[in-house]
Amino acid sequence: MVVLGCFGCYNNNLVQLPAQRDVIRKSAALTNHMRANAHSGVILCNVDVVFCCLPQDHHQLRHESFTGFYIMAKTFEHVKAAIQSLHKNTTSEEKVNFYNSWAENYDQDVVVLEYRAPSVAANTVSSHFSGDRDAAVVLDVACGTGEVARQMKSHGFGHFVGIDGSEAMLKVARESGLYQELKQCMMGEEPLPAQWDSFDVVVITGALCAGHVPFVVVRELCRSTKPGGYVCMTTENDDCNVDYKADLERELKQLEEEGLWNCIEATEVENWERALADQEDGYISGAVYLYKKRQQ
1 MVVLGCFGCY NNNLVQLPAQ RDVIRKSAAL TNHMRANAHS GVILCNVDVV FCCLPQDHHQ
61 LRHESFTGFY IMAKTFEHVK AAIQSLHKNT TSEEKVNFYN SWAENYDQDV VVLEYRAPSV
121 AANTVSSHFS GDRDAAVVLD VACGTGEVAR QMKSHGFGHF VGIDGSEAML KVARESGLYQ
181 ELKQCMMGEE PLPAQWDSFD VVVITGALCA GHVPFVVVRE LCRSTKPGGY VCMTTENDDC
241 NVDYKADLER ELKQLEEEGL WNCIEATEVE NWERALADQE DGYISGAVYL YKKRQQ
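The sequence shown begins at 1 in our numbering and counts up by one.
If you are wondering where the hints come from, they were derived from the structure by calculation, not from laboratory data. Among the clues, some could well be false.
Calculated cross-link-like contacts (lysine-lysine; reagent style DSS-like; alpha-carbon spacing at most 30 Å) [as the list claims (entries may be wrong)]:
(1) Lys171 with Lys80
(2) Lys226 with Lys153
(3) Lys245 with Lys95
Pairwise CB distance ranges, derived in the manner of DEER restraints [said to hold, decoys possible]:
(4) Ala135 with Cys240: 36 to 42 Å
(5) Ser198 with Thr91: 17 to 23 Å
(6) Ile264 with Pro193: 23 to 29 Å
(7) Gln295 with Val112: 23 to 29 Å
(8) Val111 with Gly211: 21 to 27 Å
(9) Gly282 with Gly156: 18 to 24 Å
(10) Pro191 with Glu114: 30 to 36 Å
(11) Lys183 with Asp281: 37 to 43 Å
(12) Ser198 with Leu86: 43 to 49 Å
(13) Asp278 with Glu114: 39 to 45 Å
(14) Val112 with Glu257: 36 to 42 Å
The C-beta atom is built at its ideal place from N, Cα and C for all residues, glycine as well.
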């Protein structure tokens with residue numbers, strides 16, 4: 001059995017604190033206890049037990065090693081610390097473990113983050129799509145918990161297929177009842193599990209960025225789209241994503257030069273989400289791209 005120390009906020013910093021000997025076993029009681037103590041910054045780990053958090057006036061540090069943690073976030077600082085920890089995970093397995101542990105609280109955390117990519121993507125598709133929305137089949141790549149489907153449903157779309165690398169995220173998406181089909185896939189490491197020329201709309205938000213899905217996957221997105229269908233993609237404009245964004249835009253242009261699709265819209269969007277890097281304040285901007293696959 002692994003026992004970790006507990007964590008809290010001290011002088012606006014995430015610190016590990018001496019633990020009270022109030023051990024909560026990993027169960028439904030743990031989840032309820034964490035919700036009740038979220039203000040203390042309780043951490044959920046992939047372990048058998050955890051300790052409760054101490055009040056913030058106890059500041060003696062006790063260091064333990066751990067992986068796959070998630071901060072029960074109720075403030076922006078907690079969300080920021082959680083996502084910064086994701087960037088320290090270098091292997092695919094570590095990233096999947098992170099998203100698996102984040103799934104239950106992901107939706108509430110992106111509200112704190114003021115993350116706009118799903119709504120921007122849905123609005124962009126809606127402004128150009130003129131077909132039968134209820135009959136259109138939408139492939140939601142890196143679907144997470146299903147926010148893109150929720151946003152697109154509000155625009156009249158009703159048939160969704162979702163793909164994601166995290167089984168826990170897919171579980172939440174499945175419980176939403178929005179998807180007719182959900183598939184697990186590590187994009188960039190496995191072929192996209194979608195037939196070519198099959199979807200009226202393909203959407204990917206949040207995953208086309210440094211350290212996540214390789215930009216070359218956009219070729220597979222194009223292949224999966226019906227002739228005349230749309231591919232909507234987003235990325236962000238933070239300091240660590242500059243090179244990735246440049247590579248992505250070169251790939252998008254390359255596919256256009258090959259005669260595979262036409263650019264319908266490429267828009268820079270202000271106030272994309274709250275800035276997460278320590279050297280950035282306020283909000284970062286993002287970008288949305290909409291391409292229409294050429295008729296054969």
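Evaluated hints:
1. Only pairs whose Cα atoms come within 30 Å are accepted, and Lys171 paired with Lys80 is accepted, the gap being roughly 24 Å.
2. Distance restraint check for Lys226 and Lys153: the Cα-Cα separation of roughly 20 Å lies within the 30 Å cut-off, and the hinted pair is therefore satisfied.
3. Among the hinted pairs, Lys245 with Lys95 is consistent with the structure: their alpha-carbon atoms are about 21 Å apart, no more than 30 Å.
4. For the hinted restraint 36 to 42 Å between Ala135 and Cys240, the CB-CB distance of approximately 40 Å keeps it satisfied.
5. The beta-carbon spacing between Ser198 and Thr91, approximately 31 Å, falls outside the hinted interval of 17 to 23 Å.
6. Checked against the hint of 23 to 29 Å, the C-beta distance between Ile264 and Pro193 comes to roughly 26 Å, which is consistent with it.
7. At about 43 Å, the beta-carbon gap between Gln295 and Val112 misses the expected band of 23 to 29 Å.
8. Distance hint check for Val111 and Gly211: the Cβ-Cβ separation is about 23 Å, which falls inside the suggested range of 21 to 27 Å.
9. Remark: the range hint 18 to 24 Å for Gly282 to Gly156 is contradicted by a beta-carbon distance near 34 Å.
10. Checked against the hint of 30 to 36 Å, the C-beta distance between Pro191 and Glu114 comes to roughly 35 Å, which is consistent with it.
11. Between Lys183 and Asp281 the Cβ separation comes to about 39 Å, which falls inside the hinted range of 37 to 43 Å.
12. The hinted window of 43 to 49 Å between Ser198 and Leu86 is violated, with their beta carbons roughly 31 Å apart.
13. Between Asp278 and Glu114 the beta carbons are some 18 Å apart, a value that contradicts the proposed interval 39 to 45 Å.
14. Between Val112 and Glu257 the C-beta distance comes to about 41 Å, which sits within the given range of 36 to 42 Å.
Violated hints for the displayed structure, listed by number in ascending order: 5, 7, 9, 12 and 13.
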